[in-house]
Structures are given as structure tokens and as C-alpha cells.
Amino acid sequence: MTSRQIYLDYQATTPCDPRVVEKMFPYFTLNFGNPHSRNHPHGWTAEEAVEKARKQIAFLIGADPREIIFTSGATESNNLALKGVSTFYKTQKTHIVTCATEHKCVLDTCRHLEQEGFSVTYLPVQSSGLIDLNDLQKAIGPETVLVSIMAVNNEIGVIQPLDEIGKICRKAGVFFHTDAAQAVGKIPLDVESMNIDLLSISGHKIYGPKGIGALYVRRKPRVRLQALINGGGQERGMRSGTLPTPLCVGLGEACAIAKEEMMDEARNLKVLSDHLYEGITSRLKDVYLNGAGAPRIPGNLNLSFAYVEGEGLMMGIKDLSVSSGSACTSSSLEPSYVLRALGVEEELSHTSIRFGLGRFTTQADVDIAIERVVTEVNRLREMSPLWEMAQEGIDLKSIQWSEH
Amino acid sequence: MTYSTKVVDHYENPRNVGSLDKNDVCVGTGFVGAPACGDVMKLQIKVNKDGIIEDAKFKTFGCGSAIASSSLITEWIKGKTLGEAYAIRNTDVAQHLALPPVKIHCSILAEDAVKAAIADYQAKIGKPNATGD
Chain A
1 MTSRQIYLDY QATTPCDPRV VEKMFPYFTL NFGNPHSRNH PHGWTAEEAV EKARKQIAFL
61 IGADPREIIF TSGATESNNL ALKGVSTFYK TQKTHIVTCA TEHKCVLDTC RHLEQEGFSV
121 TYLPVQSSGL IDLNDLQKAI GPETVLVSIM AVNNEIGVIQ PLDEIGKICR KAGVFFHTDA
181 AQAVGKIPLD VESMNIDLLS ISGHKIYGPK GIGALYVRRK PRVRLQALIN GGGQERGMRS
241 GTLPTPLCVG LGEACAIAKE EMMDEARNLK VLSDHLYEGI TSRLKDVYLN GAGAPRIPGN
301 LNLSFAYVEG EGLMMGIKDL SVSSGSACTS SSLEPSYVLR ALGVEEELSH TSIRFGLGRF
361 TTQADVDIAI ERVVTEVNRL REMSPLWEMA QEGIDLKSIQ WSEH
Chain B
1001 MTYSTKVVDH YENPRNVGSL DKNDVCVGTG FVGAPACGDV MKLQIKVNKD GIIEDAKFKT
1061 FGCGSAIASS SLITEWIKGK TLGEAYAIRN TDVAQHLALP PVKIHCSILA EDAVKAAIAD
1121 YQAKIGKPNA TGD
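Protein chains in written order, with my numbering: chain A, 1 to 404; chain B, 1001 to 1133.
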């Protein structure tokens, strides 16, 4: 990696904010106590730090600190929410509603629950990437125990209508879980006004450390769940294991910073991502925004560059760390299931690049990104037989392709 | 994924990018792959009266390995007879470029493109199966 490498993959992970790291340091060495040691000052100091962090997390989402369970990350939080709730209530209800564009850890957990005998409805999404609330309403039945709909999509950055989903769930008497890994610290969230019963948080998506996350679990009306990890009964019995004090402190501080700076940061990011979008689309034609028409977080732009294959493009813009919905970046050779769910044609999914902007992205970074992308797309289009045909006015859909 | 230096070289400095006149009777055009699969190659050969490929051009929609495979194979077939070009195997391309297993299909596509171009040329001049295939 060169020093001029520009990071534009903030939906994959974020660097730790130096202010976060600074707060964590003393808890590795000086204040190393076990927060569950109740009978000496080493333990008390650690416990105090962990409880402060719990408050900071709760404050960001309008929850009570007692409703925050520390986990190893959003994947564990999602597993705990889905498996924990459905297992606890399985003698009463056995149906779950989720959506096709959820993160793999939700979808894979749902597949697992299907094997365990639960039934799952995967709601389709509209071309904007949002679910249709009528579909949700129809999918909920007397057997439904839980609705799990993500707050913000990791690939295309669109924000699901959480308020409306919360209302529907509350009225129907089913629990509402949201995977908010990409939403926390990016958009205002309030578990009370949004009627959210469970909410998953990731540390490393919000400038906190990797290896820590949290699950909000509502107390009133109480949501009960079966623990996945048994042991000493920490985290009110829902997640045993000694809490990693430095990581908890880091997540807490990351939430406190987000609470303080979220609005300003969102404004700055909107300026930068608008600049990126304008800079590219004013100089290149046939560029499409995936998830257009939906409210979105400002730090995400998922663009399809028609006639240029995504991985080929990434190789050309190798000094930009971005990610692609193209098949070739995964071993599966299947293009993104999220873009497919949006109804994006396969040939266009192969041409998509996700630009993720964040706290440390600068105007200069964006300017360089625009230049690199425009130059490389033009170069590759000159090399593309599809571009040539399109310029000759040949309709690519009229061709009988030899699928292989 | 990291790429071999040869793939990077062909990707950054592709040889023989372009098009030949597809209506020219001396030009054979091979068109393989599909946009939905993420790879499309157009490979053209210009054959002289001695049956030698005197020019070759390509255009490719695909990843770096696909571009490199087509670039390399156009280099290889220039100056060869149709029979010699027909005999080039994808494994030679894959080996030369050090393609990882997940990219072998790129080299297969390049081989197919050459064969399709030869077939097109032979159909044009009315001599099918000139390579004895």
C-alpha cells in the first residue's frame, strides 16, 4: 500500500478516531481490572468505565443504559437478536419477517432458523432499495414473532422508513429488530419514537475499535431472549463472558463523539459526496446511482459505470480503496445480491463501485478520486466492445449472447 | 486479490486494442462472452493470402485478467498461421499470466475468441474446417 492510497471504503470499516484510542489506552495497562470483580478497586475502576460507556451508547439512541448488551460486534448482535428472540418465544410464535437486502449475517441467521423449523418471509425491495410498507403489513400474521429490517443498507446507503416500520410492528404486537450497524452515528436514531425493540450496533463502523458491538434490548415492554453464550451470567444473563474494558470504553467514546458531531459531519459529507457525484456525472455519461430515489446517508455513493466492468475499473483506480458489486471481487462469481434485489440488470451490477466517504475524507481526496475515475472509465470504455456497440447505436439487449 | 506483474503490464499497456473492418473479407471477428457474466471479448484477425495472421485487434469488457488474456493472445497469434493460432490453449495463457484458479475462465474466453475469429474468417472465404478441426 502506498502512502498516497485514498480510503473510500467507510462502509467496510472506519479507522479508530484518535480520541477513541486515547481513551482506551489506560484500560490496557493501568486500569486492567476485571469489570466483574466486585470486591476490589481494580474491578471497580473497570466497572465504572464500562458503565460509563454503556451510558454513552444508550444516550446516542435514546435508550436506558440497562438496555445495552455488549457483544463482539454487529454480527453477534444480529445473531443474538434473531436466534435469541425466536428461540425464546418458539412455543408461541415461529415466523420471522426480514428483507432481501439485509446483511449476510442476518440472512444467514435466518437460513439457519429455517433449518431449525422457523418460517421466514424475505420481503422484496423496490428499485429504490426500500421495502414496500404494504408488503410488510401483509407479511405479518398471528405467527409472527419478529420483524428484522436494517436501518441503512451497507452497499447502497439507503435508509429504510424506520418510523413507519416501528408503528406497524407495535400495532401488530410483534418485536422490531433493526440492524443499525451502518446507521448509528450517521443518522439520528431514537428507540422510543421509532418503536424499536432491538437494535444492533457495531464499533468499527463508527470510528470505534473492531471486536466490539452492542445490542439494545427493550425493557418496557420487555423483550426476552435466549442467550447464545452461556457462562458467568454477565450482561444480565444475555451474554456471558468478561467484558473487554478497553473496547467497551472505545465504543462508548465513539458514540459520545458521534452524538456531539453527527449533524456537522453529515453536512460536510453531503457536500463531499455531492461534489463526487457531480464531478463524475458531469464528465461521464451513462453513470447510474444505485438506490436512487430513497433517502440515503451522505457517506455512500454506489455507482454503476455502464460498459466498464467493476473489477477491471478497480484495478485501474488502485490508489483508491473502494469496493465493487462486481462478481469478480468475490469468489462466488455472482454479482451483488443487493443490486439484484433492486432489479439492477446483471450487466449493470457488474459495473458498480461503492464509494464510502467518512470523517477523514477531504476535498482533495474527492478531487483526486474524480480525476482517477473519469480518466480510467474513459480509457476502459475505449477498450470496451460494449461501449463501441452502444456508440454505434446497437441495442445490447437485441444481441444473442453466449452465456458461459 | 493481487495480480501478477504480467497481468498488470498487459492491463496498463494493452497491446493491439482496437477494431478492424469487420466487412473486409480478410478479417475474421470473434465475439464471445456475455455482459451478464461480466466478460465480453471481441477479437479480430486479418489474414493475408498466405494464410498468416498479419494483424490482430481486441476489445474487452471484463476484469484485469480478461483484458490481459486478450491482449496477450493477440500478441501471440500475430504472424502465426491459422493452424498455429488454433492450437494455442487457454492453459498456456493462464500459465504465462499466472492466473489464479478463479480467473481461468478469462483465459478460456481468450482461446474461444481466437477460435471464433478463425471460424468467422473461414466461413467468409468459404473454407470451413481449414484447420482440420
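Keep in mind that the hints are not guaranteed to be accurate.
Said to hold, decoys possible - In silico BS3-like cross-links for lysine-lysine, where the CA-CA straight-line distance does not exceed 25 Å: (1) B:LYS1022 x A:LYS397; (2) A:LYS318 x B:LYS1006; (3) B:LYS1006 x B:LYS1115; (4) A:LYS210 x A:LYS220; (5) B:LYS1124 x B:LYS1006; (6) B:LYS1049 x B:LYS1006.
Hints in this document: simulated from the structure, not taken from any laboratory.
Now the hints, each set against the structure:
In summary, the hint linking LYS1022 (chain B) to LYS397 (chain A) is supported, as the alpha carbons are separated by about 21 Å, within the 25 Å threshold. Restraint check: the Cα-Cα separation between LYS318 (chain A) and LYS1006 (chain B) comes to about 16 Å, which is no more than 25 Å; the hinted pair holds. Restraint check for LYS1006 (chain B) and LYS1115 (chain B): the C-alpha separation of about 23 Å stays at or below 25 Å, so the hint holds. Between LYS210 (chain A) and LYS220 (chain A) the alpha-carbon distance is near 30 Å, which puts this suggested pair outside the 25 Å criterion.
With a C-alpha separation of about 35 Å, the suggested pairing of LYS1124 (chain B) with LYS1006 (chain B) is violated against the 25 Å cut-off. Among the hinted pairs, LYS1049 (chain B) with LYS1006 (chain B) is inconsistent with the structure: their alpha-carbon atoms are about 33 Å apart, more than 25 Å.
Of the numbered hints stated above, those contradicted by the structure are hints 4, 5, 6, listed in ascending order.
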